[in-house]
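Participant: Sequence:
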Amino acid sequence: MEDDYTDEKEDVDELERRMWRDKMRLKRLKEQDKYTQSAFVPGRMISDNTIVAYELMHSMQNRRKKHKEAFMALKLDMSKAYDRLEWSFIQQVLQRMGFAKEWIELVMQCISTVSYSILLNGSPQASFNPSRDDSLVFCKAQMQEWIRLHNIISLYESASGQRLNLEKSSIFFSKNTRHEIQSSILSIAGIKASGPFERYLGLPSYIGRSKSRAFFPILDRIKAQMSRWKTNLLSPAATDFSTARVKRGDSFVWKSITAGRQLLYEGLIWKIGNGNIVKIWSNKWLPTPTSYKSQSQPKVLCLEATVNSLIDQETHSWNIPLVQNIFTPEEAAIISRIHVSACNSNDKQVWRCTKNGLFTVKSAYHLQVSLNDNKMGQASDTSNHEALWNRLWKLKVPNKIKIFIWRSAREILPTRVNLHKRKIIDSPMCPICLIHPETVSHVLWTCKAAQDVWSISSRRIQKSKTEVASFNDLLSNLLSTLPPEDHTRLAFTAKEIWFRRNKFVFESKFTPPQQILKLVSSSMTDLEQIERNQHRTSTQIQGTARWCKPPINVYKLNWDTAIDKINCRVGIGVSIRDWLGLVTATLRSPCNSFPDPLLGEALAALRSVQFGINLGLKNVIFEGDSKLVVHGITSGAED
Numbered sequence: 127m128e129d130d131y132t133d134e135k136e137d138v139d140e141l142e143r144r145m146w147r148d149k150m151r152l153k154r155l156k157e158q159d160k161y162t163q164s165a166f167v168p169g170r171m172i173s174d175n176t177i178v179a180y181e182l183m184h185s186m187q188n189r190r191k192k193h194k195e196a197f198m199a200l201k202l203d204m205s206k207a208y209d210r211l212e213w214s215f216i217q218q219v220l221q222r223m224g225f226a227k228e229w230i231e232l233v234m235q236c237i238s239t240v241s242y243s244i245l246l247n248g249s250p251q252a253s254f255n256p257s258r259d260d261s262l263v264f265c266k267a268q269m270q271e272w273i274r275l276h277n278i279i280s281l282y283e284s285a286s287g288q289r290l291n292l293e294k295s296s297i298f299f300s301k302n303t304r305h306e307i308q309s310s311i312l313s314i315a316g317i318k319a320s321g322p323f324e325r326y327l328g329l330p331s332y333i334g335r336s337k338s339r340a341f342f343p344i345l346d347r348i349k350a351q352m353s354r355w356k357t358n359l360l361s362p363a364a365t366d367f368s369t370a371r372v373k374r375g376d377s378f379v380w381k382s383i384t385a386g387r388q389l390l391y392e393g394l395i396w397k398i399g400n401g402n403i404v405k406i407w408s409n410k411w412l413p414t415p416t417s418y419k420s421q422s423q424p425k426v427l428c429l430e431a432t433v434n435s436l437i438d439q440e441t442h443s444w445n446i447p448l449v450q451n452i453f454t455p456e457e458a459a460i461i462s463r464i465h466v467s468a469c470n471s472n473d474k475q476v477w478r479c480t481k482n483g484l485f486t487v488k489s490a491y492h493l494q495v496s497l498n499d500n501k502m503g504q505a506s507d508t509s510n511h512e513a514l515w516n517r518l519w520k521l522k523v524p525n526k527i528k529i530f531i532w533r534s535a536r537e538i539l540p541t542r543v544n545l546h547k548r549k550i551i552d553s554p555m556c557p558i559c560l561i562h563p564e565t566v567s568h569v570l571w572t573c574k575a576a577q578d579v580w581s582i583s584s585r586r587i588q589k590s591k592t593e594v595a596s597f598n599d600l601l602s603n604l605l606s607t608l609p610p611e612d613h614t615r616l617a618f619t620a621k622e623i624w625f626r627r628n629k630f631v632f633e634s635k636f637t638p639p640q641q642i643l644k645l646v647s648s649s650m651t652d653l654e655q656i657e658r659n660q661h662r663t664s665t666q667i668q669g670t671a672r673w674c675k676p677p678i679n680v681y682k683l684n685w686d687t688a689i690d691k692i693n694c695r696v697g698i699g700v701s702i703r704d705w706l707g708l709v710t711a712t713l714r715s716p717c718n719s720f721p722d723p724l725l726g727e728a729l730a731a732l733r734s735v736q737f738g739i740n741l742g743l744k745n746v747i748f749e750g751d752s753k754l755v756v757h758g759i760t761s762g763a764e765d
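Our numbering puts the first residue of the sequence shown at 127, with every later residue one more than the last.
Since the hints were derived computationally from the structure, they do not count as laboratory data.
One or more of the hints may lead you astray.
Unchecked claim - Using 20 Å as the maximum straight-line C-alpha spacing, the simulated EDC-like pairs for lysine to aspartate or glutamate come out as follows:
#1 Lys410 to Asp473
#2 Lys589 to Asp578
#3 Lys574 to Glu622
#4 Lys410 to Asp366
#5 Lys526 to Asp366
#6 Lys397 to Glu622
#7 Lys488 to Glu392
Nothing here was measured: the structure is a model prediction, and the numbers come from that model.
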C-alpha cells in the first residue's frame with residue numbers, strides 16, 4: 127500500500143510539474159503577444175489581399191477562349207476540429223477523467239477562440255468572436271494541379287486538425303476552360319462550381335460594369351445597422367504610370383488607382399541629387415509654389431536639357447555664372463540655395479506635402495481640399511479658415527477638447543438637426559427648449575440653457591455678440607478678440623454644455639449652470655497643475671542633460687545650426703572633443719541655403735561627417751540635438 131501511495135504521489139508531482147511548465151510556457155506566449163500581432167503582417171494591409179483577388183478574378187472573367195491556358199479559383203472553407211464539438215462537452219470529459227482544475231482551464235484557454243471588444247469613446251463595448259477569413263487559391267485548371275493541391279490540403283488537415291468543408295467550398299473556372307476539364311475536376315474534388323464569388327474579406331471579389339450593383343449589399347448592410355443604432359452610440363470614428371491609358375474593359379482596381387493619378391502628380395516634386403534625370407524646363411523641381419517649374423524662357427541649353435548641365439561635376443556645386451545667365455535673378459537665387467548631392471546620388475521624386483517626403487492619405491486629402499478651394503475662387507475664405515484652425519490647434523487644452531471644438535466649427539456634431547438630415551430621428555427641434563432647431567450654434571450658444579451658463583462666465587465672454595449665423599463665425603470672432611486666458615475657458619465651457627445636453631437627452635438629468643462653471647474651473651485648475659509639472663520636469667531634464675565624455679580612444683563630434691531667415695543663410699557649427707573632454711578641433715561653416723531648421727540640421731550633420739573624414743578620424747560618436755534628423759539617420763527608414 128505504501129509503495130502504491132508513493133507511486134501515485136510521484137505521478138501527481140510529475141503532473142503538477144508539467145502543469146507548472148505549461149503555465150509558464152503560456153505566460154511567455156502571452157508576453158510575446160504583447161509585442162507581436164500574428165493576425166497582421168507589418169508593412170502590409172488587408173486591402174492588399176483584396177486588390178490581388180480583384181485583379182485575378184477580373185483577368186479570369188475576361189480571359190478569352192483563344193488563350194490556351196485556363197485557370198481556376200478555389201474558395202476554401204476550413205472548419206476546425208474542435209468547432210465540431212461542444213466546448214462544454216470537452217470540459218466535462220476532462221473533469222470526469224480526473225484532470226486538475228488548473229490543467230482544464232489551460233486547455234480551455236488554448237482551444238477557445240479569441241474575443242474582441244471595441245473601445246467606443248474610451249469605454250469597452252460588448253465582446254464578440256471573430257470569424258475565419260476566406261481563403262482563395264488560384265492555379266491552372268488542370269487535373270494534376272488539383273491533385274497537388276489536394277495533397278497539400280490533406281497534409282494541412284492532418285497537421286492542424288482542421289477539415290475542408292466541401293459543402294461551403296466552391297470552384298470558379300476562367301471562361302476558356304473546356305467543359306470536360308471542368309466536369310472531371312468537379313467530380314473528383316466533390317466541390318460545386320460557382321460564378322465569381324460573392325465576397326472575399328467582406329468585399330465583392332469581382333466588380334463588373336455596374337459598380338453600384340456590386341457594392342449595394344454592403345451599403346444595404348450599413349444602412350440596416352445604422353437604423354438600429356442608438357443616437358448616443360454614434361461616434362466618429364508597367365507599359366509608364368503617368369501616360370498609361372484607361373480602357374473600358376479595365377478592372378475596377380486599375381480604374382480606381384488611375385482616378386487619383388492627377389492628385390498624385392500634383393503633390394510630387396523632384397529632389398535634386400546629381401541632376402541626371404530631372405529636365406530643367408518641364409519637370410517640377412523648384413520650391414516655388416504653385417507651379418514648381420521654371421518660368422524663365424529657355425535659352426543657351428536645349429529644351430530637353432537636364433539639371434546636371436547646371437552643375438559643376440568636379441565640385442558638385444552649381445555653376446553660378448551659367449545659372450545666372452539662363453534664369454531670372456529671382457530663380458537664379460532660388461536655384462543657388464538648393465542643395466546638390468555631394469555623393470552623386472540619383473534624383474528622386476518625393477511627396478511635397480509631408481516633412482519626410484513620403485505619401486500619406488491625410489496629406490493627400492488636405493491637398494485635394496486646397497485645390498478644390500482654389501478652383502472655386504475661395505482664396506480669401508480659405509485664409510480666414512486657416513487663421514481659425516491655427517488659433518484652434520494652439521489652444522491650451524487637451525487634444526480631445528480641440529477635436530470637439532473643431533467638430534463644432536465644422537457643424538458635424540450629432541445635433542438633432544444633423545441627425546434629422548440623415549433620417550435617423552424624426553424631429554430637428556432642440557430637446558431642451560423645444561422651440562428652435564438644434565444646430566451647433568444653438569445648443570452651444572443661443573439656447574436659453576446655454577446662455578444661462580455664459581451669462582455667469584467671464585465678463586468678456588458675456589459681452590460678445592449672441593446672434594450668429596454659425597458656430598464657425600462665432601468661434602472665429604471670439605478667438606480673434608478675446609485674450610488667450612479666455613480661450614481656454616471658452617473651450618472647456620462649450621464642452622461641458624454639450625456634455626450636459628447629452629446627459630439630459632440620454633439620462634434625463636440636467637446640470638445647473640453653477641455646477642457647469644465649477645466643472646470648468648476644476649478642469650482649468652487641473653490643466654494648470656499639469657503644465658506646472660511638465661515645466662518642472664523639463665527644467666530638471668535640461669539641468670541634468672550634460673555633455674558626457676566618450677569612451678577611451680573615441681572622439682565625440684557635436685554639431686548645431688543657426689538660421690538667418692532674412693538673408694537666407696544657414697550657419698553650421700561643429701566641435702570635436704576627445705575622451706578627456708578636451709576640444710581638439712572646431713568648425714564654423716556658413717552656407718547659402720533655404721532657412722529651414724530641419725534642412726539646416728541635416729546639412730550640419732552632413733558637414734560634421736565630412737569634417738571628421740577630412741581629419742582622418744576613425745572612432746567617432748556623432749551627437750546632435752535635432753530628434754528628427756538623428757532619428758532619420760539612425761532608423762534606417764526611408765526619409
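Participant: For each hint, tell me whether it holds in the structure or not.
Facilitator: Consistency of the hints with the structure:
Proximity of Lys410 to Asp473 is assessed by CA-CA distance (about 12 Å); at most 20 Å being required, the pair is judged to hold. A C-alpha spacing of about 14 Å is found between Lys589 and Asp578, which places the hinted pair at or below 20 Å, so the restraint holds. The hinted pair formed by Lys574 and Glu622 meets the criterion: a straight-line CA distance of about 15 Å does not exceed 20 Å. At roughly 18 Å between alpha-carbon atoms, Lys410 and Asp366 fall within 20 Å of each other, so this suggested pair holds.
Under the criterion of a C-alpha separation no larger than 20 Å, the hint pairing Lys526 with Asp366 is inconsistent with the structure, at around 45 Å. The suggested pairing of Lys397 with Glu622 is violated, with an alpha-carbon distance near 49 Å, which exceeds 20 Å. Proximity of Lys488 to Glu392 is assessed by CA-CA distance (about 15 Å); at most 20 Å being required, the pair is judged to hold.
Hint compliance for this structure: hints 5 and 6 are not met, and every other hint is.
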